[in-house]
Amino acid sequence: MKQSDIRNFSIIAHIDHGKSTLADRLIETTGALTKREMAPQVLDSMDLERERGITIKAQAVRLDYEREGQHYELNLIDTPGHVDFTYEVSRALQACEGALLVIDAAQGVEAQTLANLYLAMEHDLTVIPVINKIDLPNADPERVREELFEIGLDGSEAILVSAKQGIGIEEALDAVVARIAAPQGQAEGPLRALIFDSRFDTYKGVLVYIRVVDGALRVGDRVRFMANGAEFDVTEIGMFRPHPVAVPELATGEVGFFAAAIKTVQDTRVGDTVTLASHPAAESLPGYRPAQSMVFSGLYPVDSNEYGRLREALEKLQLNDAALTFEPETSAALGFGFRAGFLGLLHLDVIQERLEREYNISLITTAPNVVYQVRLVSGEEIRVDNPALLPVAGDIAEIREPVVSASIITPSDYIGAVMELAQERRGVYKDLSYIDSQRAMLSYQLPLGEIMYDFFDQLKSRTRGYASFDYQWSGYVVSDLVRLDILINGEVVDAFSVIVHRDKAYHRGRMLVEKLRDLIPRQLFEVPLQASIGGRVISRETVRAMRKDVLAKCYGGDISRKRKLLEKQKEGKKRMKSVGNVEIPQEAFMAILRVEDK
Amino acid sequence: MTDPNLGQWGLYVHIPFCQARCTYCDFNTVTGMDDRDHALYMKALEREWQRVSDTPAGELVSVFFGGGTPSLVEPAQIGGLLEAVYGRGVRLAGDLEVTMEANPGTVSMERLAAYRQAGVNRLSLGVQAWQEHHLARLNRIHTAEDAVDAVRSARRAGFANVSLDLIYGLPRQTLDEWRETLDEALALEPDHLSVYQLQVEEGTPLATQIKRGQLALPVPDLTADMADFGQERLAQAGFERYEISNYARPGRWSRHNRLYWTMNPYLALGAGAHGYWHSRRWWNVRGVRRYIEASLAGEPVEAGEERLTRPEEMREYLWLGLRERQGLSRSRFFSRFGVNPEGYFGPSFRKLHQQALIERAGDRIRLSARGLDVANYVFREFVGDSTGA
Numbered sequence: 017m018k019q020s021d022i023r024n025f026s027i028i029a030h031i032d033h034g035k036s037t038l039a040d041r042l043i044e045t046t047g048a049l050t051k052r053e054m055a056p057q058v059l060d061s062m063d064l065e066r067e068r069g070i071t072i073k074a075q076a077v078r079l080d081y082e083r084e085g086q087h088y089e090l091n092l093i094d095t096p097g098h099v100d101f102t103y104e105v106s107r108a109l110q111a112c113e114g115a116l117l118v119i120d121a122a123q124g125v126e127a128q129t130l131a132n133l134y135l136a137m138e139h140d141l142t143v144i145p146v147i148n149k150i151d152l153p154n155a156d157p158e159r160v161r162e163e164l165f166e167i168g169l170d171g172s173e174a175i176l177v178s179a180k181q182g183i184g185i186e187e188a189l190d191a192v193v194a195r196i197a198a199p200q201g202q203a204e205g206p207l208r209a210l211i212f213d214s215r216f217d218t219y220k221g222v223l224v225y226i227r228v229v230d231g232a233l234r235v236g237d238r239v240r241f242m243a244n245g246a247e248f249d250v251t252e253i254g255m256f257r258p259h260p261v262a263v264p265e266l267a268t269g270e271v272g273f274f275a276a277a278i279k280t281v282q283d284t285r286v287g288d289t290v291t292l293a294s295h296p297a298a299e300s301l302p303g304y305r306p307a308q309s310m311v312f313s314g315l316y317p318v319d320s321n322e323y324g325r326l327r328e329a330l331e332k333l334q335l336n337d338a339a340l341t342f343e344p345e346t347s348a349a350l351g352f353g354f355r356a357g358f359l360g361l362l363h364l365d366v367i368q369e370r371l372e373r374e375y376n377i378s379l380i381t382t383a384p385n386v387v388y389q390v391r392l393v394s395g396e397e398i399r400v401d402n403p404a405l406l407p408v409a410g411d412i413a414e415i416r417e418p419v420v421s422a423s424i425i426t427p428s429d430y431i432g433a434v435m436e437l438a439q440e441r442r443g444v445y446k447d448l449s450y451i452d453s454q455r456a457m458l459s460y461q462l463p464l465g466e467i468m469y470d471f472f473d474q475l476k477s478r479t480r481g482y483a484s485f486d487y488q489w490s491g492y493v494v495s496d497l498v499r500l501d502i503l504i505n506g507e508v509v510d511a512f513s514v515i516v517h518r519d520k521a522y523h524r525g526r527m528l529v530e531k532l533r534d535l536i537p538r539q540l541f542e543v544p545l546q547a548s549i550g551g552r553v554i555s556r557e558t559v560r561a562m563r564k565d566v567l568a569k570c571y572g573g574d575i576s577r578k579r580k581l582l583e584k585q586k587e588g589k590k591r592m593k594s595v596g597n598v599e600i601p602q603e604a605f606m607a608i609l610r611v612e613d614k
Numbered sequence: 002m003t004d005p006n007l008g009q010w011g012l013y014v015h016i017p018f019c020q021a022r023c024t025y026c027d028f029n030t031v032t033g034m035d036d037r038d039h040a041l042y043m044k045a046l047e048r049e050w051q052r053v054s055d056t057p058a059g060e061l062v063s064v065f066f067g068g069g070t071p072s073l074v075e076p077a078q079i080g081g082l083l084e085a086v087y088g089r090g091v092r093l094a095g096d097l098e099v100t101m102e103a104n105p106g107t108v109s110m111e112r113l114a115a116y117r118q119a120g121v122n123r124l125s126l127g128v129q130a131w132q133e134h135h136l137a138r139l140n141r142i143h144t145a146e147d148a149v150d151a152v153r154s155a156r157r158a159g160f161a162n163v164s165l166d167l168i169y170g171l172p173r174q175t176l177d178e179w180r181e182t183l184d185e186a187l188a189l190e191p192d193h194l195s196v197y198q199l200q201v202e203e204g205t206p207l208a209t210q211i212k213r214g215q216l217a218l219p220v221p222d223l224t225a226d227m228a229d230f231g232q233e234r235l236a237q238a239g240f241e242r243y244e245i246s247n248y249a250r251p252g253r254w255s256r257h258n259r260l261y262w263t264m265n266p267y268l269a270l271g272a273g274a275h276g277y278w279h280s281r282r283w284w285n286v287r288g289v290r291r292y293i294e295a296s297l298a299g300e301p302v303e304a305g306e307e308r309l310t311r312p313e314e315m316r317e318y319l320w321l322g323l324r325e326r327q328g329l330s331r332s333r334f335f336s337r338f339g340v341n342p343e344g345y346f347g348p349s350f351r352k353l354h355q356q357a358l359i360e361r362a363g364d365r366i367r368l369s370a371r372g373l374d375v376a377n378y379v380f381r382e383f384v385g386d387s388t389g390a
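Chains as they are written, first to last, in our numbering: chain R, 17 to 614; chain L, 2 to 390.
In short, the hints are calculated from the structure, not lab data.
Treat the hints with care, since some could be wrong.
[Stated by the list, open to error] Straight line, CA to CA, 27 Å or less: simulated DSS-like cross-link-like pairs of lysine-lysine:
1) Lys352(L) x Lys590(R)
2) Lys352(L) x Lys569(R)
3) Lys44(L) x Lys220(R)
4) Lys476(R) x Lys531(R)
5) Lys352(L) x Lys589(R)
6) Lys569(R) x Lys586(R)
7) Lys212(L) x Lys580(R)
8) Lys578(R) x Lys564(R)
9) Lys352(L) x Lys586(R)
10) Lys531(R) x Lys212(L)
11) Lys352(L) x Lys580(R)
12) Lys590(R) x Lys569(R)
13) Lys578(R) x Lys44(L)
14) Lys589(R) x Lys44(L)
15) Lys586(R) x Lys44(L)
16) Lys44(L) x Lys569(R)
17) Lys564(R) x Lys352(L)
18) Lys212(L) x Lys586(R)
19) Lys584(R) x Lys44(L)
20) Lys589(R) x Lys578(R)
21) Lys564(R) x Lys212(L)
22) Lys580(R) x Lys564(R)
Fair warning: this is a prediction, and the values are worked out from it, not measured in the lab.
Please construct the entire structure, taking both the sequences and the accompanying hints into account.
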């Protein structure tokens, strides 16, 4: 295919504005798949993704399109639709020349719409606005056109689409061909290919998804990853339609994948540049940055015999997930486990669920936390990714916590409610501007630790679901933080320790022991629960002793049934963690998350 | 050492018929059957007995007619079955116990006398509660007055051994009501009392009522108060708590139920009945019609079985034996299994001793007073796969 007949594009959208449905329709219309082959939302290839309706791993599909007798090769590069994966989105966008920006005809512009638009602009992409769901009874495309104007796009150029009903699909494809530029790379230059994703295949090793920027890649080439210098021989090249199809080469501007017997995705970092070992490029493509974990959590097997299995499972997941990190860790309460790092809370959720579901390991996950930077009195700088390891107050000169700059778009009626929420979460007000007469955008600096858990849910519930939210990391700030410890039966349970702002510590401690009192079942003996800061107890509750635990009757016909009942109870107990002599259920360790901050 | 119980066995006969089903009941029962069905069923029981291949050696110490409501079956039919059982040269214990469960709403003095005549010598009456609103809510077919009449009639009919069943922890039950139930029951001067905490069994109407929020069980502390009160009250009245839920005047322990707790063998006849013999436990088909058809056609009525391995049998022996207040005999355990229980289950016993949940009394290991309260905790040590060598 001639370089001038190639178009590389993405679809970007606020969540639920219909990105995946539009992608499905494009694939169907261009005949890449027949209708019969289409499972809804074919690009989300992991079951988990489909169930949760979120795209986690980007994928690319080549579409053949004919317009006025001319054949075009359209490469649709899918992007993850969650803020945890901003970096991956940006790499996928870097592989494109243009993007379809999908906006819900009823909802209008939302926070992620803006964030995605800015991201696309950063990469100099041609943005084609697509107003989707025009079939909805409450669709108001004209209002959306005006909103587009407000955010700096030409609303009159927007394409009206109903992906669900197949309206406007041809127009969208035409616009891709007509408005988006063909790739501009140096066909003769040394190979430079951008890695925008990778995944592990049991038979072929890592499949590296690339966009060839300069030069060409052929089977048999020896390639070099510019970030770490690792070299491999390419055994297979292919592209997706959306099923993988082998091709002999990927030319300048093309999108596809290659395999080279690579054993782990750790070698194939998203954003890295692939070049030829025999004829390397002088400079790598811009923008690479190693994946950075923002959220950490302790992962412990409920059954300590499963430690080895947990390690194997994490290693396997890591083959396919360069952003997942883990290190062995020991907890006095929970025994041997791992401190694992994630891009965000959703990433953590996905990993936790896969461990439990695919690997069948019963897990205790400690409350996730951010990474703190601590300057000690001695002058030494340390980073703390486990609250239990925070040095004693006397040794600390300064603690810093990560913050994000957040934009919240809300109907004007809820500005007060949003500001109240931001304030409760220790937000620092930055700016307020109006998108139109009814909607405003608030900007805040918020501690990452404060938005990790239920900020989004709270935002939704306090604005009747109308507000939308997006954020970007913006560095570290000094904060008055303390470690809150929980003592069960007189002993500090390290897995319960959290780092909180001093002003919130007292309240948090009280809520936490109250919650634990309800979650920890009665034991044979009375169990005191205490919250303490720096060794000073600030709150106390008691789990009273179990009074009766008896099967009323057991006669001839009952014996096997009653035995099974006892066995079942015993299995239930096994899923609890015995700390000291106290049996603590799994969910108690996550209780810290669900303590309402009011 | 010779096991004094060796060679003693019992027979359980299941009579599934009921006039109405109690809301909490998950036993194998059936309503709406008539006299003809009863007659067919009794015939089917006899046929099942005839197919028991060999007359068991050893001494038959107990026959138990459980239900359902055995008192719905004619006294002559009960007598007929007993004759059939004894007729095969079975060696009968001198003090053979023949128990029949009865619903107070189904028995007259004459009828009770006829059962006594037919050979029944122990009567177990389901009284459950004294307050009409509780009885009605549980769908019991009798009143408290019926219970008084039944006990008096039983005495006049010649029953020297009468047991009453009571339940506490009923939805909306108060401690005062429970006190009244106990006092009224004691005033009838029974020989034996079974005192059960209400268990909500899956699939029963009661479970549905609770799930839907129409009824609620008392809070655990109130139920525990009722349990404690019952224990004290019955002790004061001269009843010995010889098993977790069973109380008796001296010499009136239920022989039959003791066979279960000491893992002695028992045969079983009837729909859904469970037998246990030589490490094998089996159970019959539950459907009453299916049972009748199969048995009368001379076909097997057994629906399933489990064979206990030696360690499984040891574990069961422990937790069943610990249900009895006197606990289990270490020497008897040794003579049956060839190992010392406290050695074989060392870690479990050490832990339970440390927690003061079990205690030694001469040859016996038994639950402590606290152990009786949390018996399930102790029993869980001896189920599943994680105990023993």
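Here's how the hints hold up against the structure:
Between Lys352(L) and Lys590(R) the CA atoms are separated by roughly 17 Å; this keeps the pair inside 27 Å, and the hint holds. Only pairs whose Cα atoms come within 27 Å are accepted, and Lys352(L) paired with Lys569(R) is accepted, the gap being roughly 25 Å. Restraint check: the Cα-Cα separation between Lys44(L) and Lys220(R) comes to about 72 Å, which exceeds 27 Å; the hinted pair is violated. Note on Lys476(R) and Lys531(R): the hinted pairing holds, with a Cα-Cα distance of about 24 Å set against a maximum of 27 Å.
Between Lys352(L) and Lys589(R) the CA atoms are separated by roughly 16 Å; this keeps the pair inside 27 Å, and the hint holds. For the hint pairing Lys569(R) with Lys586(R), the CA-to-CA distance comes to about 19 Å; that is within 27 Å, so the pair holds. Taking the CA atoms of Lys212(L) and Lys580(R), the gap is near 23 Å; set against the 27 Å cutoff, the hint holds. A hinted pair counts as satisfied when its Cα atoms are at most 27 Å apart, and Lys578(R) with Lys564(R) qualifies at roughly 17 Å.
Among the hinted pairs, Lys352(L) with Lys586(R) is consistent with the structure: their alpha-carbon atoms are about 16 Å apart, no more than 27 Å. As the CA atoms of Lys531(R) and Lys212(L) are separated by approximately 24 Å, the hinted pair is consistent with the 27 Å bound. Of the pairs offered as hints, the one joining Lys352(L) and Lys580(R) holds, with about 23 Å between alpha carbons and a cut-off of 27 Å not exceeded. A hinted pair counts as satisfied when its Cα atoms are at most 27 Å apart, and Lys590(R) with Lys569(R) qualifies at roughly 25 Å.
Only pairs whose Cα atoms come within 27 Å are accepted, and Lys578(R) paired with Lys44(L) is rejected, the gap being roughly 31 Å. This hinted pair does not check out: Lys589(R) and Lys44(L) have alpha carbons roughly 47 Å apart, beyond 27 Å. Our distance criterion of 27 Å between C-alpha atoms is broken by Lys586(R) and Lys44(L), whose separation comes to about 43 Å. Between the alpha carbons of Lys44(L) and Lys569(R) the distance comes to roughly 30 Å, so the proposed pair goes past 27 Å and is violated.
Taking the CA atoms of Lys564(R) and Lys352(L), the gap is near 19 Å; set against the 27 Å cutoff, the hint holds. Under the criterion of a C-alpha separation no larger than 27 Å, the hint pairing Lys212(L) with Lys586(R) is consistent with the structure, at around 24 Å. Among the hinted pairs, Lys584(R) with Lys44(L) is inconsistent with the structure: their alpha-carbon atoms are about 39 Å apart, more than 27 Å. For a cut-off of 27 Å, the pair hint linking Lys589(R) to Lys578(R) stands: about 17 Å separates their Cα positions.
This hinted pair checks out: Lys564(R) and Lys212(L) have alpha carbons roughly 22 Å apart, not beyond 27 Å. Only pairs whose Cα atoms come within 27 Å are accepted, and Lys580(R) paired with Lys564(R) is accepted, the gap being roughly 20 Å.
Violated hints, listed in ascending order, are 3, 13, 14, 15, 16, 19; each of the other numbered hints is respected by the structure.
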